[in-house]
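Engineer: Residues in the sequence shown are numbered consecutively from 34, following this note's numbering.
A portion of the hints provided could be inaccurate.
[Unchecked claim] Computed cross-link-like contacts, DSSO-like style, restricted to lysine-lysine with a CA-CA straight-line distance of at most 30 angstroms:
no., residue 1, residue 2
1, K82, K122
2, K82, K107
3, K107, K122
Since the hints were derived computationally from the structure, they do not count as laboratory data.
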Amino acid sequence: MPALGKDAGPVPRDLKRFGKLESSECWFCGDPIDDAAHTLFVCDAWHQKRRQVEIPLHTVLNAGNLVQTMLASKANWDMVSNMLQDIIKSKEAEERRRQAMQAD
């Protein structure tokens with residue numbers, strides 16, 4: 034899932050690998066590994082956002098059906114894309130908040 038990893042926002046697993054974090058734990062739910070798959074399909078923090086998209090799409094999003102679901106129609110693309118952007122913005126805001134706290 035490398036392409037998704039680039040677009041999943043700040044992923045603690047990658048930040049840890051680059052020496053920017055001591056832990057790859059999810060900032061939002063405490064799961065030990067926060068990677069793109071965790072962020073997009075598993076994290077409890079984003080459950081409601083996922084369900085708001087999954088219910089009208091009549092599917093549970095996962096790594097195996099995400100691209101196919103998005104490509105099925107422009108409406109699907111827009112719904113999933115907007116959900117992903119919302120999640121990424123939230124993660125980026127949390128990263129900025131944490132960086133500001135470290136700077137103090």
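Engineer: Determine for every hint whether it applies to the structure shown.
Structural biologist: Hints and how they fare:
{"no.": "1", "hint": "K82 <-> K122", "verdict": "13 angstroms, holds"}
{"no.": "2", "hint": "K82 <-> K107", "verdict": "19 angstroms, holds"}
{"no.": "3", "hint": "K107 <-> K122", "verdict": "22 angstroms, holds"}
Checked against the numbered hints listed earlier, the structure breaks none of them; every hint is satisfied.
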